[in-house]
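Undergrad: First to last, the protein sequences are chains A and B.
Per full-length UniProt numbering, numbering through the first sequence is continuous, rising by one, with the last residue being 425.
Per full-length UniProt numbering, numbering through the second sequence is continuous, rising by one, with the last residue being 216.
Just to be clear, a hint being listed does not mean it is correct.
One side only, chain A facing chain B, incomplete, derived with CB under 8 Å [claimed, not checked]:
(1) 34
(2) 39
(3) 42
(4) 44
(5) 55
(6) 58
(7) 59
(8) 64
(9) 67
(10) 68
(11) 144
(12) 145
(13) 149
(14) 151
(15) 177
(16) 182
The hints are simulated quantities; they were obtained by calculation from the structure and are not laboratory data.
Here a beta-carbon is modelled for each residue, glycine too, at the ideal position from N, C-alpha and C.
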Amino acid sequence: MSDYQLNNEDHEALEKFTKFFLVKAAQIIVQSRLGDKKITKSKAVCSGNEWFHLSIKDIPEVTVNAKKCLADAQHLLINPPHRPFCVEISLRTPDFQTITLETWCISFDDSISDPSQRVRFNIYNRMSIVLRSLLTCTRATPTYQLSRKQSADKYIICYKMYSEEPIVSHLGEHYSKKTIGNIITPIGRFVLNVAYRTRLTMSSTPVDNGTVPCFTQFGIDIRDDHFSLGKNQHCLEEDNDAQLPSIESSSIPKSSPIEVMKRRQMSSESISSSHGTPDKVYYSKLRAAFTTPSNIAHSSSHIGLYSRTSDNDLPYALMMQQQQPQSMEQEQNSKNNFYLSGDFDNETAPDDFILVEVKPFFGKSDSTDDLALFIRSCQQPPMLESFVIEPSLGETINQLTEELRVFESKVEEFDQLVTTLSTTE
Amino acid sequence: MNARSQTFEFAVEGRQIDEVVSCMFHTILFHRCVGKYHTNGEDSYSVGTLGYTDVDCDYIDFTYLQVTSQELQRAVAEKINQFHDKLRSSDSNRSGQITLEFYQKKKSRWMFKPEEIPWEIWTIKIEQMQLSSENERQFMREKLSDSLTERIFQITEIINKPDYVPKPPHLSELDLVFDTSYTDIQPYLFKIHFSDSPTIVNHVKTMIKEAFNTSL
Numbered sequence: 001m002s003d004y005q006l007n008n009e010d011h012e013a014l015e016k017f018t019k020f021f022l023v024k025a026a027q028i029i030v031q032s033r034l035g036d037k038k039i040t041k042s043k044a045v046c047s048g049n050e051w052f053h054l055s056i057k058d059i060p061e062v063t064v065n066a067k068k069c070l071a072d073a074q075h076l077l078i079n080p081p082h083r084p085f086c087v088e089i090s091l092r093t094p095d096f097q098t099i100t101l102e103t104w105c106i107s108f109d110d111s112i113s114d115p116s117q118r119v120r121f122n123i124y125n126r127m128s129i130v131l132r133s134l135l136t137c138t139r140a141t142p143t144y145q146l147s148r149k150q151s152a153d154k155y156i157i158c159y160k161m162y163s164e165e166p167i168v169s170h171l172g173e174h175y176s177k178k179t180i181g182n183i184i185t186p187i188g189r190f191v192l193n194v195a196y197r198t199r200l201t202m203s204s205t206p207v208d209n210g211t212v213p214c215f216t217q218f219g220i221d222i223r224d225d226h227f228s229l230g231k232n233q234h235c236l237e238e239d240n241d242a243q244l245p246s247i248e249s250s251s252i253p254k255s256s257p258i259e260v261m262k263r264r265q266m267s268s269e270s271i272s273s274s275h276g277t278p279d280k281v282y283y284s285k286l287r288a289a290f291t292t293p294s295n296i297a298h299s300s301s302h303i304g305l306y307s308r309t310s311d312n313d314l315p316y317a318l319m320m321q322q323q324q325p326q327s328m329e330q331e332q333n334s335k336n337n338f339y340l341s342g343d344f345d346n347e348t349a350p351d352d353f354i355l356v357e358v359k360p361f362f363g364k365s366d367s368t369d370d371l372a373l374f375i376r377s378c379q380q381p382p383m384l385e386s387f388v389i390e391p392s393l394g395e396t397i398n399q400l401t402e403e404l405r406v407f408e409s410k411v412e413e414f415d416q417l418v419t420t421l422s423t424t425e
Numbered sequence: 001m002n003a004r005s006q007t008f009e010f011a012v013e014g015r016q017i018d019e020v021v022s023c024m025f026h027t028i029l030f031h032r033c034v035g036k037y038h039t040n041g042e043d044s045y046s047v048g049t050l051g052y053t054d055v056d057c058d059y060i061d062f063t064y065l066q067v068t069s070q071e072l073q074r075a076v077a078e079k080i081n082q083f084h085d086k087l088r089s090s091d092s093n094r095s096g097q098i099t100l101e102f103y104q105k106k107k108s109r110w111m112f113k114p115e116e117i118p119w120e121i122w123t124i125k126i127e128q129m130q131l132s133s134e135n136e137r138q139f140m141r142e143k144l145s146d147s148l149t150e151r152i153f154q155i156t157e158i159i160n161k162p163d164y165v166p167k168p169p170h171l172s173e174l175d176l177v178f179d180t181s182y183t184d185i186q187p188y189l190f191k192i193h194f195s196d197s198p199t200i201v202n203h204v205k206t207m208i209k210e211a212f213n214t215s216l
């Protein structure tokens with residue numbers, strides 16, 4: 001730890017520079033992931049509002065979030081316990097699966113210092129240089145190209161800020177770590193790092209819970225330009241991860257089945273929840289939700305219907321095990337819900353009402369197993385009560401007489417009702 | 001004084017030369033630029049603000065940053081175009097190098113021209129390739145993007161080292177360190193020169209020239 005003590009004035013200046021340095025760094029990182037090209041003007045005469053002699057326009061939401069994050073940390077970076085300030089960038093698919101792409105971290109190390117550095121000149125200029133390095137490096141990582149190709153129907157890029165040690169476990173096995181720059185002060189050294197994911201492909205290694213992902217057999221590599229289509233940027237308000245600020249609002253995404261399949265494969269490799277929950281939990285959720293065969297037709301109205309496919313598919317096995325009404329609740333937890341109509345307790349339709357032989361669309365037509373019976377029962381509407389209970393002629397007449405007597409006793413009420421209906425306000 | 005020098009080598013197709021060199025040079029110049037000094041009196045001055053512009057490459061999957069200054073962009077593009085033309089016009093030579101050199105001026109006695117002392121030299125060696133298939137072209141294109149990523153991080157690493165950078169002089173001697181001819185920015189004095197053949201003869205010429213300059 002450095003023994004050198006800054007005077008009050010210099011310490012205040014350093015604190016102020018540090019706050020703006022962190023906020024500007026957050027602005028640079030988030031703005032570089034918006035998906036569009038940036039152009040700012042050089043000004044021969046500064047207006048006094050630009051920090052570090054750089055024309056960086058501030059997005060108010062980002063500034064607010066960064067300041068809130070710094071305030072939550074209670075102690076500024078340069079003061080003990082020197083909690084690093086991190087900005088995490090992640091990719092989110094339309095079905096809200098998230099994969100962390102990179103973590104930018106600004107830390108402070110009080111073991112390396114240089115008392116000769118002047119706060120108001122040297123350190124300020126060094127901060128300007130490091131921010132420029134940050135500007136250039138944000139364009140150099142693979143995430144930049146991904147962010148330029150984002151759209152609501154493919155994926156969007158999200159950010160999160162926190163004041164803790166950087167989390168890199170969500171970046172996959174082969175992440176790369178680079179140092180952007182450092183600034184030595186009389187009381188310590190700022191270091192700006194980035195750790196970024198280098199591979200967006202499936203891992204064939206078993207996950208922590210000992211099970212092998214059921215779709216590693218496909219082994220499809222996802223190219224960096226796989227998601228390339230338009231550059232329309234959309235915003236979906238979700239969870240605590242802030243969506244990158246954008247102008248347009250989103251609509252429900254529609255996608256082709258192969259892309260959905262590949263997205264799920266990609267996202268299963270090292271899924272990280274936006275809230276830092278363990279990969280294991282998130283992965284097991286995905287496994288239960290994986291129900292879509294590759295040839296299913298996709299539109300919002302078809303979600304939950306299944307085309308003819310093998311009986312060995314997971315969702316059907318799941319359904320076979322759960323023939324009780326409780327299965328309705330369990331199916332609602334999966335991404336693709338079954339459409340269940342009717343009541344399991346209803347009688348099956350009598351044979352003489354069946355005009356066309358019912359063929360379960362994934363089994364034998366004359367099957368008498370539980371699955372075929374279930375499908376048959378669902379296809380017929382419930383019986384109307386009047387077809388079950390048939391009164392005789394005398395009973396019907398008595399019923400009518402009784403009803404007439406009731407109506408005649410309440411004539412006045414009916415007259416009042418008609419009067420209220422006919423009055424106009 | 002010994003200038004520190006750094007060399008980067010690239011193997012590219014002819015149409016990629018401009019973008020590779022521009023990417024490298026503009027990344028360096030963005031760090032070796034300050035805002036325009038505006039004097040407010042005898043000894044006080046204010047410093048202007050640097051803007052930046054994203055530039056998408058057409059023949060490489062890459063985007064780089066440059067200082068927003070049309071004058072600077074024109075000056076750099078002109079030199080790179082000349083280098084490009086020289087390289088592509090020569091059938092025998094498929095390689096060349098282009099150098100971005102930062103220097104400061106030292107006042108000389110009498111009426112001699114001020115001495116130019118380089119303090120940082122960045123050299124890019126280009127080897128032209130001719131690719132036969134589209135697969136090969138795509139593969140090399142991706143490899144070039146990765147290579148540029150590595151170079152960008154290398155540049156920032158070098159620039160952030162605590163090495164010598166000329167200190168801002170007195171206001172009356174700004175043009176000994178900075179190029180004050182630009183209206184909106186103020187880069188450190190720099191020049192770009194190139195050759196289409198990095199032969200031993202050229203190296204010897206450069207060495208003799210430097211030795212002659214330092215001996216005066």
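Undergrad: If a hint holds in the structure, say so; if it doesn't, say that too.
TA: So, going through the hints one by one against the coordinates:
| no. | hint | in the structure |
| --- | --- | --- |
| 1 | 34 | violated, 11 Å |
| 2 | 39 | holds, 5 Å |
| 3 | 42 | holds, 4 Å |
| 4 | 44 | holds, 4 Å |
| 5 | 55 | holds, 4 Å |
| 6 | 58 | violated, 14 Å |
| 7 | 59 | violated, 16 Å |
| 8 | 64 | violated, 23 Å |
| 9 | 67 | violated, 22 Å |
| 10 | 68 | violated, 27 Å |
| 11 | 144 | holds, 6 Å |
| 12 | 145 | holds, 6 Å |
| 13 | 149 | violated, 11 Å |
| 14 | 151 | violated, 18 Å |
| 15 | 177 | violated, 11 Å |
| 16 | 182 | holds, 6 Å |
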